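Engineer: Letter by letter, the chains look like this.
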Amino acid sequence: MALALCRLLGIHRAHRELGGVATYTSHYRDRNRVIHKMSLIGFCEWLANTPGSIALHESLWVYPIVESVHVLTLCLFLGLTLVLDLRLLGLTFRGARASEIAERLLPWTTVGFVLMLTSGSLLFYAIPVRTYQNIFFRVKVTMLIMAALNVWVFHSTTYRTVAAWDLDPVPPKGARVAGAVSLALWAGIVVAGRMIAYNWFD
Amino acid sequence: MSLLPFFEFCEHSAVGETIRNSLWLFPVIESFHLLGLAVIGGAVLLVDMRLLGLGLRSQPVAQLAKDAHRWFMGSLIVMLISGVLLFTSEAIKCYYHAAFWVKMTSLLLAILFTLTIRRKVVASDNSSPLQSKLVALTSVTLWSLVGIGGRWIGFS
Chain A
1 MALALCRLLG
11 IHRAHRELGG
21 VATYTSHYRD
31 RNRVIHKMSL
41 IGFCEWLANT
51 PGSIALHESL
61 WVYPIVESVH
71 VLTLCLFLGL
81 TLVLDLRLLG
91 LTFRGARASE
101 IAERLLPWTT
111 VGFVLMLTSG
121 SLLFYAIPVR
131 TYQNIFFRVK
141 VTMLIMAALN
151 VWVFHSTTYR
161 TVAAWDLDPV
171 PPKGARVAGA
181 VSLALWAGIV
191 VAGRMIAYNW
201 FD
Chain B
203 MSLLPFFEFC
213 EHSAVGETIR
223 NSLWLFPVIE
233 SFHLLGLAVI
243 GGAVLLVDMR
253 LLGLGLRSQP
263 VAQLAKDAHR
273 WFMGSLIVML
283 ISGVLLFTSE
293 AIKCYYHAAF
303 WVKMTSLLLA
313 ILFTLTIRRK
323 VVASDNSSPL
333 QSKLVALTSV
343 TLWSLVGIGG
353 RWIGFS
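Protein chains in written order, with the numbering used here: chain A, 1 to 202; chain B, 203 to 358.
Note that these hints are calculated values from the structure, not bench results.
Bear in mind that the values here come from a model prediction, so they are computed numbers and not experimental data.
Hints are not guaranteed to be accurate.
[What the hints assert, rightly or not] These stretches of chain B come out as covered by chain A in the derived footprint (C-beta under 8 Å, 3 or more residues):
| no. | segment |
| --- | --- |
| 1 | 205 to 218 |
| 2 | 244 to 250 |
| 3 | 297 to 307 |
| 4 | 318 to 325 |
| 5 | 348 to 355 |
A virtual CB, placed ideally from N, CA and C, is assigned to each residue, including glycine.
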């Protein structure tokens, strides 16, 4: 079993070298390289050396344009997401049905999200290794996953009964919690995203 | 008359010095500026989209605009305060940056347009569809210029 695993991971090469003229150092280096190849940081290093990543990183115009798209899409994506969050909290647009806000704004927030994800991925692609090692990037990704979980929980619980509270000026607790959690997470995501530019804790 | 002495005064003010010499003040203030951007962007877009017949189509324009106006004014205040603070820390750079002047000109026009013509059109029920659409497109264009100009100040 262990042998099969070693073979699978390509470690057998290092072992074979050990039996021959290879020194301990070369074995050590080779083993490191094998582990490196499989890890996320190894993937980021590989990504950083692709022509597209280098071109994007060194581009005079494309990188700033992608970054601008990423920042300004905040208005479309987050601006309209906030409208629903604030409605779920009962803070605004109380005259509108919660489901109407959710459904009518969804196509727009979806477009915004796709733009965010595309431009964000390109920004990562331009500077993979540094970004991957950046604490703020890791915090941001964690909060993004939590925000997705929040949507999933809300839609599979409180939102199922939306017909019962659609016109309530202040929706039930489950909806208010979902709105508040979303607001807090997205605020954190924006701040963490901005801080990726700084390498205070690398 | 040159405005440069005023920009130099801002740059060398105690506030400007403090922000410039701090490691974390600039990014923290900028984070508030970005959070304000999301709110003001949403408040502007929601109403402009409605004027174009998109988004919350079944809501009366006047009611939607009234609700959105509070968020617009609140976020505008956050944007102006955080924006002025960011400006003081790099006022001289701004003076020589075309993007800054593009942003300030479009910002002035955008605020004036939003609080006068657009406000009147969204409050009345008898605006023609063409009139509404023109107002929405003007608003989106002006505010986009503000946003793009603002982002471009950061690129030197």
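Engineer: Hint by hint, which ones does the structure fall short of?
Structural biologist: Numbers 1, 3, 4, in rising order.
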